[in-house]
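Residue numbers (our numbering), protein chains in the order written: chain A, 1 to 308; chain B, 1 to 565; chain C, 1 to 325.
Hints may be right or wrong, so weigh each one.
Short, incomplete list of chain A residues facing chain C, as computed with Cβ under 10 Å [to be verified]:
(1) Thr23
(2) Ile147
(3) Pro150
(4) Gly215
(5) Leu238
(6) Ile251
(7) Ile261
(8) Ser268
(9) Ala285
(10) Ala286
(11) Asn292
Which chain C residues stay away from chain A? Per the calculated CB distances, all over 12 Å, these [what the hints assert, rightly or not]:
(12) Ser138
(13) Leu246
(14) Gly281
(15) Phe307
Below 30 Å or equal to it, Euclidean Cα-Cα: the simulated DSBU-like pairs (lysine-lysine) are [stated by the list, open to error]:
(16) A/Lys42 - B/Lys509
(17) A/Lys42 - B/Lys180
(18) B/Lys548 - A/Lys42
(19) A/Lys42 - B/Lys330
(20) B/Lys149 - A/Lys42
(21) B/Lys136 - A/Lys42
(22) B/Lys512 - B/Lys490
(23) B/Lys310 - A/Lys161
(24) B/Lys337 - A/Lys161
(25) B/Lys353 - B/Lys389
(26) B/Lys490 - B/Lys396
(27) A/Lys42 - B/Lys389
(28) A/Lys42 - B/Lys481
(29) B/Lys402 - B/Lys390
(30) B/Lys136 - B/Lys545
(31) A/Lys42 - B/Lys490
(32) B/Lys512 - A/Lys42
(33) A/Lys42 - B/Lys310
(34) B/Lys337 - B/Lys481
(35) B/Lys390 - A/Lys42
(36) B/Lys336 - B/Lys353
In case anyone wonders, no lab produced these hints; they're calculated from the structure. Beta carbons: idealized from backbone N, C-alpha and C, even for Gly.
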Amino acid sequence: MTAYVVRRLLWLPVLLVIVIFITFVLGTYGPGDPVEVRLGTKANPEAVARLRTQMGLDRPFVVQFADYVGGVVRGDFGDSYRYQGRTVLELILPRMWVSAQLNLAALLLVVAIGIPLGMAAARFQGRWLDPAIVTGIVFISSLPVLITGPLFLLVFVVLLKLVPSAGWGGLFDTRIIIPAVAIAVPGLALIVRVMRTSTLEVLSQDYVRTAYAKGLTPGIISRRHVARNAFLPVLTMLGFSVAGLIGGTIIGETIFGIPGIGRLAFESIFNRDYPVIMGITIIGAATFVLANLLIDVAYTFLDPRIRY
Amino acid sequence: MKTSVRGWLLPVVLSVMVVAAGCLGGSSRSRGTSTPAGPTPGATQPGARPQATATPTPRAASQRASGGTFTRLWADPPTLDPHLTSDTTSAGLVVEIFSGLVALDTDLKIIPDIAERWDVSGGGSVYTFRLRDGVKFQDGKAVKAADIKYSFERVLDPRTESPVADTYMNDIVGAQDKLKGLVREVRGVRVVDERTLEVTIDAPKPYFIAKLTYPTAYVVDRQNVESGPGWTNKPNATGPFKLAEWVPGQRLVLERNQHFYRGVAKLERVHFILSGGVPMTMYENNEIDFTGVGQAELDRVLNPNDPLNKELLRGDPSFDVSYIGFHVGKPPFDDKKVRQAFTLAIDKETIAKEVLSSLVVPAYGVLPPGFPGHNPSISGLRFDPVQAKKLLAESKYGGPEKLPRIIMTVPGTGGTVGLDTEVILEMWKQNLGVTVEVQQTEWATYLQDLNRQRFQMFGGLGWNADYPDPQDFMDILFHSKSFNNHGAYKNLEVDRLLELARVEQDSDKRIKLYQDAEQTVVEDAAWIPLWYTGERFVLIKSYIKGYKLTRLIVPKLKDVSIERP
Amino acid sequence: MVEPVQNPAEVARRRPAQGHWSRAWHRLLGKKVALASLVVIIGIYTSGIFAPLIAPYDYSTQDLTQTRRGPSLEHPFGTDRLGRDLLSRVIYGLRTTVIVSVASVVSGALFMGVALGLVSGYFGKRVDSLIMRTGEVSAAFPEILLLILLAATMRPRILDFVRGIEDSFGFRGLVQTGIVDYFVIALAVAAFSWFGMARLVRGQVLSLRSAEFVDAARALGAPTSRILFSHLLPNISGLIIVVITLGLGGAAGSEFILSFLGIGVQPPVPSLGAMVAEGFGIGNLSLLRQYPHLILFPIGVIFLLLFAFNLLGDALADVFNPKTR
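One chain only, chain A, in its complex shape (with noise of 0.2 Å):
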């Protein structure tokens, strides 16, 4: 087990190389160059010249290379491009942790809401509930954001006037919940559905039958032979969602007016903001890869069967 998690562990590292690699290559070779972005139409070549050597773009691209990873390693991310004087780390971790925080908020959610509808609708399997539960729920799911948000700010903002339509306060202030369910929205099919399926699964099984027949009551069969054992398959589906924690989400950002990381990774693009791009990439694949192996090792916890 130890030796499984070390070697997934040391493959980290090299995968984060090769994706800097990549993205280094693609940066350097592609088409566009920040220092023209930064001075747009009314460039001149002098002065961009200039500035390339300042910042040092035009030495080889092995010696930036090197000399970005050799920074990384020390935690330095270097400084934005675009915002002049701000360093990567203090752009993007402030707003991947808006981010998490709001994936986070739309995750309960879905658990919160999901499970259960998923469970009942098993339960109600063969009448009309069943196909009305996953209907509805689809129906809902399939609504882009950009219809639901929208949706939302107008019923709940503009009519009901409940809470401001835009800006952040944290993980407990009020703003937080018409984003984090216009965001929860589109996931809850997949765990309803994927619920569903799990709890019909074990209701077949033997010991659940062998559990009716000793006249446990439905009640406590519920508790604690299906559930547990349905909510694996869950965590899977959990899990890829966890891994993309501190994803943003650049609709949902831009219509809420939450400072998170979708808009700046969207922006930092067509900025050609390459420290920022590459911050951004880096902690985003190294979270993903972490929460991965998290996942398959909480899966030996859960079901003792799986061995690596």
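Following the hints, position chains B and C against chain A.
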């Protein structure tokens, strides 16, 4: 045993998640990410009447006309360092925090700022600035001529990496040398005494003083700058407002500077929301006091029966011109008749009215209305489809079938290339029988190719003024040796006119020179001028007084006040 | 009394073949919701594919006297800001959606994903490691970044390249039809979607690898390719079908979002996301109030498609899963 292991794990995991969220959420709250302090009317519960913003002290009554917070949306500025400012997002803030020798007032006249007057001598090449008495930095320290010299030296220092120093300061003698790293000090800037500064430029250029109104020439405090790379987070500047708070991505708050030498601001605070949101929704929800009006809301806002109509503020347009450029070296645009044909085939009046809801004014010249040198009677190339076809037939290509492939490149990543572009393409098809392919390219790539003159025909660009002088348009765009002449336009007569205008001291003669050059450029169809921005519309709450829409970025917030009934 | 011996041929003739597939199909027929979804999908796909035949107008015919009109007899969906018929534009937009989503799913999830998943699961060890690690690299990249990088920045260069080819061969129009654009986007999307499928397929293969029928086939000397394609593949085909169905829906959604953000298919090729961006901005409720048809029709259509795919995929998952009948 198995069940018990799994049994306790799940609730533990879940509760850990919740507890973690709690701790982390709580600490982020204490970090002060959201503090709707008293004087921010926008942040109170929507629907509630905005509170009186003055603090409840006995002075409240007299403070009612002065004080309060003005809230609006803004974007995260790339920088607050005036010497690095090259975009409007930064400039809009920098002009309120910093200041320089001269400034533009809200009517765009050059006014003395830190300098109380200046004399021009040496045939127009020497400027002697006399500093005002009592000018202080925001920490109370007095501003001396040496501080101005320091600021000029700093912006011209290659290590400062200023992207705009070349454009704005290059006329000063010795500036080029310092930028290239050849000298340590700029010869053309000399401290005469504590309150007098002498600046020498390389030729008697009358537009030099206009350039000094731009942030590149603003004053910074040496101690402040040398305190470290984060100095822009706590700038010690000379402008009407101090930077009170800046949480990147969330908000930026300015506070009145009590030491301001040209009259203390009436507002106590200005709150810029950086995190975004849907502007109209926020405005109607009283979260912001000001918003621009886009084409979508225009009908609603212009309707006299709509309550929003009372809060409509109209302003003169900013100085810009949108255009389509030709590369005069690439076929088929190497033939003037082809260029003229393409220009004549566009019905600008219809597009402006039908498609763009009259938000723009068709342009037939380069200089926008209201701009110095604008020629309202310029004839230009007006819509004439018959003549257009004729010219195309007369060109060396003989007609639409023999034309090589034509690609127009536009910048952007929108879902559409722009409605006007789409209509123009259609008009070329209908009126000339030519199918032009359009290619939309994202900005950075577009810019790179534009600077290398790779485009045959390029559109979607606008050119706007940085300072109120025709040199900013005509010279920079159409002089054959200019780097911003993206279409490789070369006309020796135009060059001659422009070079004469650079040093002509008589302003009427100068204007005439520029207008002649403009006439030639338009006849040569180097460009197709498309639109000038039309009237601008903004919504502003009725309790905000004194806000003026200006055509360039100038400091204006110190005259804004809040009056609540 | 002993039963007379039956002739096997006769028996086979009398009992209709009840193979794996027909059983599944029959089960699907019983689910009305799924059938309705299937009909909707087929309807939408057909309109998309046969757009030039079905659309009443060309997607770029402008009429500046009839801008922004609501639905009418002449224009059932109304007209947009340049007087173009919205119904036709929606149909052509569907064509874009169909082409891009099918191309990306087929190349990505279907070919690459299944193939690599099979190989990875069956051969295990080094090959498995290599494929899974590569997949992890592609999955670890924040998707939006690479998509923009590929689609937005590489696209102009690719288009220039294709135009160069066109010029040297003396023909035009290839780039104009938008085919190149479709492929650039489809490939960009495929580059990210193969890993999901590969991982699922690999999982199944891993569990089936030690099944008896595989051992038997190997014992009989069947070549590896036959084992993979004739034995393993049919057993996981149910899973593949479900994933493909959901994948088609997801790809359609991705295409919509990409075009909405402006990095999908570029104009003048029409696209539903672009139409919504033009008509709606990001949450501009005033526009919704003024010209609802400009927004509701394109969004309604894409929503319908997504909804149908989700329901169908769900039903198929039930159909192929032995435990949820």
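These are the hints, each one checked on the structure:
1. Interface restraint check: A/Thr23 against chain C, minimum CB-CB distance 8 Å, threshold 10 Å, status holds.
2. Evaluation of the A/Ile147 hint against chain C yields a held restraint, the C-beta minimum of about 6 Å falling below 10 Å.
3. With 10 Å as the threshold, the beta carbon of A/Pro150 comes within range of chain C, its nearest partner Cβ sitting at about 4 Å, so the hint holds.
4. Interface restraint check for A/Gly215: the shortest CB-CB distance to chain C comes to about 25 Å, outside 10 Å, so the restraint is violated.
5. With a cut of 10 Å, the hint placing A/Leu238 at the interface with chain C is violated, because the nearest CB-to-CB distance is about 16 Å.
6. Taking 10 Å as the C-beta cut-off, the interface hint given for A/Ile251 holds, the closest approach to chain C being about 7 Å.
7. With a least beta-carbon distance of about 9 Å to chain C, the hint placing A/Ile261 at the interface is held under the 10 Å criterion.
8. Proximity of A/Ser268 to chain C holds as hinted, the smallest CB-CB distance being about 8 Å (cut-off 10 Å).
9. Annotation: A/Ala285 was flagged as interfacial toward chain C, and the flag holds, the nearest CB pair being 4 Å apart, inside 10 Å.
10. For A/Ala286, the interface hint holds, since its Cβ comes within 10 Å of a Cβ in chain C; the closest pair sits about 8 Å apart.
11. Among the interface hints, the one on A/Asn292 holds; its C-beta lies about 8 Å from the nearest C-beta in chain C, closer than the 10 Å criterion.
12. For C/Ser138, the requirement that its beta carbon stay farther than 12 Å from each beta carbon of chain A is not met, with the minimum near 10 Å.
13. Not every beta carbon of chain A lies more than 12 Å from that of C/Leu246, the smallest distance being close to 9 Å; the non-interface claim is violated.
14. Look at C/Gly281: its CB is around 10 Å from the nearest CB on chain A, not clear of 12 Å, so calling it non-interface is violated.
15. C/Phe307, annotated as away from the interface, has a beta carbon of chain A within 12 Å; the closest lies near 4 Å.
16. Between A/Lys42 and B/Lys509 the alpha-carbon distance is near 27 Å, which keeps this suggested pair within the 30 Å criterion.
17. Of the supplied pair hints, the one linking A/Lys42 and B/Lys180 holds, its CA atoms being roughly 19 Å apart against a limit of 30 Å.
18. At most 30 Å may separate the alpha-carbon atoms for a hinted pair to count; B/Lys548 and A/Lys42 meet this at roughly 27 Å.
19. Between A/Lys42 and B/Lys330, the direct Cα distance comes to roughly 23 Å. Compliance with the 30 Å bound is thereby established for this hinted pair.
20. At most 30 Å may separate the alpha-carbon atoms for a hinted pair to count; B/Lys149 and A/Lys42 meet this at roughly 26 Å.
21. Taken as a hint, the B/Lys136 and A/Lys42 pair is broken in the structure, with Cα atoms around 34 Å apart against an allowance of 30 Å.
22. Taken as a hint, the B/Lys512 and B/Lys490 pair is honoured in the structure, with Cα atoms around 20 Å apart against an allowance of 30 Å.
23. Between B/Lys310 and A/Lys161 the alpha-carbon distance is near 23 Å, which keeps this suggested pair within the 30 Å criterion.
24. Restraint check for B/Lys337 and A/Lys161: not satisfied, since their Cα atoms lie roughly 61 Å apart, outside the 30 Å limit.
25. Between B/Lys353 and B/Lys389 the alpha-carbon distance is near 24 Å, which keeps this suggested pair within the 30 Å criterion.
26. Taking the CA atoms of B/Lys490 and B/Lys396, the gap is near 20 Å; set against the 30 Å cutoff, the hint holds.
27. About 35 Å separates the Cα atoms of A/Lys42 and B/Lys389, which puts this hinted pair outside 30 Å; it is violated.
28. Distance restraint check for A/Lys42 and B/Lys481: the Cα-Cα separation of roughly 14 Å lies within the 30 Å cut-off, and the hinted pair is therefore satisfied.
29. Restraint check: the Cα-Cα separation between B/Lys402 and B/Lys390 comes to about 15 Å, which is no more than 30 Å; the hinted pair holds.
30. In summary, the hint linking B/Lys136 to B/Lys545 is supported, as the alpha carbons are separated by about 28 Å, within the 30 Å threshold.
31. Straight-line distance between C-alpha atoms of A/Lys42 and B/Lys490 comes to about 19 Å, which keeps the hinted pair within the 30 Å bound.
32. Among the hinted pairs, B/Lys512 with A/Lys42 is consistent with the structure: their alpha-carbon atoms are about 25 Å apart, no more than 30 Å.
33. Distance check on the hinted pair: A/Lys42 and B/Lys310 sit about 39 Å apart at the alpha-carbon level, beyond 30 Å; violated.
34. Of the pairs offered as hints, the one joining B/Lys337 and B/Lys481 holds, with about 24 Å between alpha carbons and a cut-off of 30 Å not exceeded.
35. Only pairs whose Cα atoms come within 30 Å are accepted, and B/Lys390 paired with A/Lys42 is rejected, the gap being roughly 37 Å.
36. Distance hint between B/Lys336 and B/Lys353 is fulfilled; the C-alpha atoms sit about 29 Å from each other, no more than 30 Å.
Consistency note: the structure conflicts with the earlier hints numbered 4, 5, 12, 13, 14, 15, 21, 24, 27, 33, 35.
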